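Please build the complete structure, drawing on both the sequences and the hints.
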Amino acid sequence: MNAPVKTPEERKAELQGMGDSRLRKEDARFIQGKGQYCDDIKLPGMLHMDIVRSPIAHGRIKKINKDPAMAIPGVHAVLTADDLKPLNLHWMPTLAGDVAAVLADEKVHFQMQEVAIVIADDRYIAADAVEAVEVEYEELPVVIDPYKALEPNAPVLREDLAGKTEGAHGARDHHNHIFTWEAGDKSAADAAFANAPVTVSQHMHYPRVHPCPLETCGCVASFDPIKGELTTWMTSQAPHVVRTVVSMLSGVPESKVRIISPDIGGGFGNKVGVYPGYVCAIVSSIVLGRPVKWSEDRVENISTTAFARDYHMDGHLAATEDGRILGLKVDVIADHGAFDACADPTKFPAGLFHICSGSYDIAAAHCSVKGVYTNKAPGGVAYRCSFRVTEAVYLIERMVDVLAQKLNMDKAEIRRKNFIRKEQFPYTSAFGFEYDSGDYHTALEKVLDAVDYKALRAEQEQKRNDPTCPTLMGIGLVTFTEVVGAGPTKMCDILGVGMFDSCEIRIHPTGSAIARMGTITQGQGHQTTYAQIIASELGIPSEVIQVEEGDTSTAPYGLGTYGSRSTPVAGAAIAMAARKIHAKAKKIAAHLLEVSEGDLDWEIDRFKVRGNDEQFKTMADIAFAAYQQPPEGLEPGLEAVHYYDPPNFTYPFGIYLCVVDIDKGTGESSIRRFYALDDCGTRINPMIIDGQIHGGLTEGFAVAMGQQMPFDEQGNLLGNTLMDYFLPTAVETPTWETDHTVTPSPHHPIGAKGVAESPHVGSIPTFTSAVVDAFAHLGVTHIDMPHTSYRIWKKLKEEGVQL
Amino acid sequence: MAKQIVKMNLNGQEIEQLVDSRMLLVHFLREQMNLTGAHIGCETSHCGACTVDIDGESVKACTHLAVQCDGCDVKTVEGLAEGGVLHAVQEAFYEEHGLQCGFCTPGMLMRSYRFLQENPNPTEDEIRTGLSGNLCRCTGYQNIVKAVKSAAVKLQQKESATA
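Chains V and G are the protein sequences, given in the same order.
In terms of numbering that gives the first Met the number 0, the first sequence opens at residue 0 and continues consecutively.
In terms of numbering that gives the first Met the number 0, the second sequence opens at residue 0 and continues consecutively.
Accuracy of the hints is not assured; some may be wrong.
Said to hold, decoys possible - Subject to a maximum C-alpha distance of 35 Å in a straight line, what follows is the list of computed DSBU-like cross-link-like pairs (lysine-lysine):
1) V:Lys445 - G:Lys6
2) G:Lys74 - V:Lys24
3) V:Lys11 - G:Lys145
4) V:Lys453 - G:Lys145
5) G:Lys6 - V:Lys33
6) V:Lys421 - G:Lys148
7) V:Lys62 - V:Lys84
8) G:Lys145 - V:Lys462
9) G:Lys153 - V:Lys33
10) G:Lys157 - V:Lys41
11) V:Lys793 - V:Lys462
12) V:Lys462 - G:Lys74
13) G:Lys153 - V:Lys11
14) G:Lys153 - V:Lys369
No wet-lab data here; the hints were simulated from the structure.
Bear in mind the structure is a predicted one, so any value in this text is a computation, not a measurement.
In structure tokens:
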């Protein structure tokens, strides 16, 4: 008996292609404890490395005594900068055009800086040896405040740069000055302000925070002295770039360097950089000829590997009396710590901060960002965002609120008035970005209707008028636009390598497939979603499509996963590679069906002869034929590789609304409601999108409501454990409501824009908007993050709020 | 370093091992027994990625010595599935998208496994409090809460089917 013929809908459903909330392929190993993370890797003869770190933030190293450590049985080596000097590895280039000490060379520049390494039989002996290394320091004056760092008589931090008046990004006008970067048109902005009826200004600090993924950084370096090959398993969001850097630093040909990013326990920007720990483990393995593991502990992670933010911003808006924005000016002092190790595309030392005109049609704009050295750990990575977009969105959304308050306008109304209108897309901003698509008005009204905004405002009014009400109610509203998917190679590169991404697809004779990618998942579910793109493009069920990433020996070169670039760039590479295969498959189908290609129609999983449903060849049939009897003139096999250079960034957007209730007596806040509408263009897996949004909102909640890295005057970081650094538990975390609109990107092969970072970028100013709104009737226009209960309680006291 | 013999029942198997007296349970499991499901996220008992079950209680293996487990029943995520059949909490985390990077997952599962024995029919608030010793940086907990609720239902159905 013949199997019943499946309907096109049934066939489509079986593919589990784009739009399907397919369960995740990666989960089977994780739920059974069979993930393979870096610290899980154990090689025969493997040694353990640990790091001796500076207890002080600024000082000269007078003496290092290794002997007590070397006397401990099981210790193989203790290395300092002096040992690395002959190899010229005591300093390394950073992604930002500066250099960073691998091991402190005569001077330490921040607390917990790497001073020496020990290599021992196991991690316990290594830890003992770290304690035994004796280091003598001469303390130097410490500079923590970036404004003080720029005073004429401020201590010189970077003696290695003495006399250098030119940095990687232009002139340096002070010994602690790194760069000044500008965008927009200053004279046009000045003119807009000169003639404006209304102007507002606000100073705000976006605090230093840390991405703090649950898995810390680490690696296992294994150099084979006989083959001259170096294999390193590493917690890296960009393994190919690391391979290039390692080859440049070590002199080992890139063809003999293999970097493998295994399963990664969250990245959020923390795992983009190349850290001294990685370099030292690699050097140790080369020197000792044995595998060497380095696993950071949590204190080391928070103290030394890539922080984010630390922008001191002055925003200014010029407007008409009825709230039409005429001009924007922004000045930023950016605290980069001791070395400029920001992870940004080379030409953009402040990342894509110039997206700070936001979702608004602003004719004149200018921004200036000044990078400064201080005695803090280096970093400045994009913590779940695209290169300083979080700072930019915070700035503009805060400024629009400040302007609305000055004009006594509603937050929603002022946004409606200034939005870039649907028909203006593609829209070129005053900073030169070409926004691809958007429909902000529709999305805003959808959110306002969903939460009954009018009723919320009425409730707030009634509570403000009731002196017995125990709470202050605040409503936050943010209407953000991101710029992600870096990026066009004509604008974006890292160490000179353009920021394309890549995909190689091979269809096997029996119709299953493998795709290898230049990106690397850290929880985003690439193994699931990438397969869905191929399934829709080629009619092969997702279930039989393997996705491999992270091994530089098998995957095509790609720039990695950060800045929401996986779907916008690698996702496009997948579609384009699939289309190359599709084109070849069509030729084979025409040959098999003995018709011309022009007589064929594609339907879900097959080419069929136009007008005849019975005459068709499925992709599985074609795959077999490609290996068995390809038409004359066509090479056998069915595979393709594509390197995708995006023509533009993508511009996801969202409308977020938050209702907060603040206890007038204790300052405790409760997020009553958080409604998040995201538009990421075409949606590949709604279940995964929702999961990404929940996670991003929770990280945003952490940043806005509690995360901080406070330093005392001596440069001690007062909070580098999970006891002090705020990671919300399930108890504090609000319940999230999600929604969406779909405005595809016109330049992306499948219209997708990227989503995982939007909720982090968009939610942070929403929380601040809500907290400030609770105090708005008292004339408060801004409160700096984090909005901890104590800080809110202090504000209640300052404003004389009575219980 | 002084070594001691430790006997325990690990995931249903009686074992006898020589361990350094200062060795933490999490290192013993991961490095000596090659059970790498329990992860190290903080080394201070805050994150719960190393949660295992010892004699019917959830314990953070990063601040527990291996020698303290002498004579104990220890269960790790690797022992959760029985006879190749996933435990209800494993099934539910998969079905409800209760994990992303997977690093907190073994600890979350082991805590959920024990929590649902302590409280077989929990409210959402009770689940959130019951799991508050386990941090997740990816999911925002919403789907984890859903998964634990769903696992509670599955376990109850299983119970009534065998009753």
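How the hints compare with the structure:
no.: 1; hint: V:Lys445 - G:Lys6; result: violated (62 Å)
no.: 2; hint: G:Lys74 - V:Lys24; result: holds (26 Å)
no.: 3; hint: V:Lys11 - G:Lys145; result: holds (29 Å)
no.: 4; hint: V:Lys453 - G:Lys145; result: holds (32 Å)
no.: 5; hint: G:Lys6 - V:Lys33; result: holds (25 Å)
no.: 6; hint: V:Lys421 - G:Lys148; result: violated (43 Å)
no.: 7; hint: V:Lys62 - V:Lys84; result: holds (16 Å)
no.: 8; hint: G:Lys145 - V:Lys462; result: holds (34 Å)
no.: 9; hint: G:Lys153 - V:Lys33; result: holds (24 Å)
no.: 10; hint: G:Lys157 - V:Lys41; result: violated (39 Å)
no.: 11; hint: V:Lys793 - V:Lys462; result: holds (21 Å)
no.: 12; hint: V:Lys462 - G:Lys74; result: violated (53 Å)
no.: 13; hint: G:Lys153 - V:Lys11; result: holds (31 Å)
no.: 14; hint: G:Lys153 - V:Lys369; result: violated (58 Å)
Hints 1, 6, 10, 12 and 14, counting from the list given before, are not met by this structure.
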